[in-house]
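*Asks:* Since the structure of chain Y is already known, use the hints to place chains F, W and R on it.
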Amino acid sequence: MTTLLSATALCIGRGDRRLVSDLHFALQPGDVLHLRGRNGAGKSSLIEVLVGLRPPQSGQVHRSAGDAFHWVGHRNALNPDLTLRENLDCWCALNGVPGDGIAPALDRMGLARLRLRPARTLSAGQKRRAALSRLLIARRSLWLLDEPLSGLDGEGLAVLGQLMNEHVTGEGAIVVTSHQTLPGKLPRVTVIELG
Amino acid sequence: MWTWFHRLASPPSFYTFAERLAPWLLAFALIATGYGLIAGLWFAPRDYQQGDAFRIIYVHVPAAALSLSLYTGMAIAAVIALVWRIKLAEVAITALAPVGASFTALALVTGMLWGKPMWGAYWVWDARLTSELVLLFLYLGVIGLDAAFADRRAAARACALLAIVGAVNVPIVKYSVEWWNSLHQTSTILKFGKPTITTDMALPLYGALLGAYALAGVSALRRMQNVLLLRERRATWVRELLAERAA
Amino acid sequence: MSGLFEMGGYGIYVWGSIGCALAVFAWNLAAPALQRRELMQRLADPEAMENDEA
Amino acid sequence: MSIPATAAFTATLGRELRIATRHKAEWLMPPLFFAIVVTLFALGAKPGDPQLAALAPSVLWVGALLAALLTLDRLFRGDLEDGWLEQVFVGPAPAMGMVLAKLLAHWLLSGLPLLLLAAPLALQLGFPSGAPLGWLLLGLLMGTPLLSVVGGFAAALTVALPRAGLLLPVLVLPLLAPVVIFGSGAARAAQAGLDPGGPIYFLAALLVLSLTLLPWAATAALRNAFD
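Residue numbers (our numbering), protein chains in the order written: chain Y, 1 to 195; chain F, 1 to 247; chain W, 1 to 54; chain R, 1 to 227.
One chain only, chain Y, in its complex shape (with noise of 0.2 Å):
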């Protein structure tokens, strides 16, 4: 059982004040860590040093899946001039992962006639879609997903419950950060509150 992600005395700050002080976890397939708490608790600046963007106060983050790993941030990615296809042959591009996964993906959520569209005549839910399209168009065992749940719709909520069981269960993790509860039945959920 290969931890697929691991803390050791953790301590995260935003400007100088400390949010997070000596965290220690280790996340096994088939783990969920559900990151809580008020909106500026610290839950962002966590998962952006889990995912290597900022450093962290003191301490370590270790991911054994190499650079293999998903990352959905609050930003989708997405050039609001270039249609929803050429975004994600782009982000295919910089990842170094072939295209044809691209149609299959847009087509589980519900984006596929959206897909000559410029990204910005997108509503926000379908945005939200198109970047957790990503999830699909590439299989990787680790996934970092911040605030997934915000702006999408109800039929949104339930297909992004589904992706997160079968992941799941099908030997990855997840780790996610949401005020609100997660969607679809999940058997290991781990919770922290921030704040």
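Please note: incorrect hints may appear among the correct ones.
So the derived label-pair ranges between C-beta atoms look like this [what the hints assert, rightly or not]: (1) E178(F) with L34(W): 37 to 47 Å; (2) W216(R) with S69(F): 23 to 33 Å; (3) L28(R) with D22(Y): 22 to 32 Å; (4) L213(R) with E193(Y): 40 to 50 Å; (5) A246(F) with L34(W): 12 to 22 Å; (6) L211(R) with L34(W): 36 to 46 Å; (7) G125(Y) with G78(R): 20 to 30 Å; (8) W237(F) with A30(W): 47 to 57 Å.
These aren't lab readings, by the way, just hints derived from the structure by calculation. Virtual Cβ for every residue (Gly too), placed ideally from N, Cα, C.
*Replies:* Chains F, W and R only, in chain Y's frame:
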């Protein structure tokens, strides 16, 4: 030695170290500058070539020397801040920039005031003056960048990068301005040679130099203390300090 | 004593330079002190502690 | 699956050029601005004033510098706000590739048009054609990438700042002083029939130095924007 340096690098111990050192440094600065200026203005003999106008060197030379030393100090602090992420080095960058800028401006103004009697014009595109001007822009760039950031740590990291790139640029600017200056050596202007310094002229100059360096040191220390207080305002040592002051 | 201030005809340049120098010296000592006083007042009231930026 | 080190470079370059096709009007701004600056200079002088030719190198270099500054402010900002920078820094490929692609794209879209436009504008100012014009353009051929690299570094430093547009010129000016000195120096030397080799080599040295130091510094500055 290393543990001493590490202990000093911790904010509270640096704060108390600076608090104890600053008064003595200030006293030395006032004495040295006082001696340097008074001896330089009245007792040093007149320069055979430039007459009394040469006395401006007692403020121009310290300012010009400081403008470069402070930038070098800032660049070193920048490297330390980026490589070892030491908070004290980050604080030093923010503290040194305004002090350096003020002395660079002084060097420029005194250079122009010296130029008028010697060359007949306030601004002559002399290599040294022009390099000093570009150095001033480098300082203003760092100050402007520091002021633009809300978060102090991000500001320090950005200013560190700018200070390092700026430091690489300083010799390049000096050389390119000298090359550029040599192209048009207009004959009418007396070549601005260094006045020959006799010992009794030099002694006050050393006094003025040491005094100015000490004064810059005091100003930088005080500013570092201020930035530390701001950045560590949530730490217990700052709260204790405030409590003492309030009592 | 008149030679003292007239500086061989270069009086305004020499005294101008000294004046600027003293002004810069004074500013370098005064500015941090003023900054310190203003900072102390701001840090004294608890509200300033909360906001994140400096 | 090994990711080619140039993945970030090719992905970003393709993306930049594709985005540029959606903003055709934006391309025209730098050359237009450049032409306006030079024309205004000429209008400011006596009609057909021979002095203008003597000042032409300086006017052209400063005009190109200011024109290149126009599009710098948005070089990284959009991608930071969209989230593309995040994906690049989190992705497997080295982020410097993205920065290099951005700088190359900026040069292709903003630097190159200025270079091409410099020839007619130089002649308009009365700058001698033939060999001197050749040296001027060679200088600008090395100078315009320098504008992109130095400007790109300044843009990376201020990417997270809302009103960075005001700060960019102050950051860039001292770093570009030597470039303008050697660039217009070479053109003036050629104009006077002297050998412009010296300044041209200095310009080349500055270009190589900037290409090695500044992309690294810009990447570090961008990484700093997330902290």
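*Asks:* For every hint, state whether the structure bears it out.
*Replies:* Hint-by-hint comparison with the structure:
1. E178(F) with L34(W): 37 to 47 Å: This hint holds: roughly 40 Å between Cβ atoms.
2. W216(R) with S69(F): 23 to 33 Å: 27 Å, holds
3. L28(R) with D22(Y): 22 to 32 Å: Given about 57 Å between the Cβ atoms, the range is violated.
4. L213(R) with E193(Y): 40 to 50 Å: Since the Cβ atoms of L213(R) and E193(Y) sit about 46 Å apart, the hinted range of 40 to 50 Å holds.
5. A246(F) with L34(W): 12 to 22 Å: Taking Cβ atoms as reference, A246(F) and L34(W) lie about 19 Å apart, which means the hint holds.
6. L211(R) with L34(W): 36 to 46 Å: 45 Å, holds
7. G125(Y) with G78(R): 20 to 30 Å: 22 Å, holds
8. W237(F) with A30(W): 47 to 57 Å: 26 Å, violated
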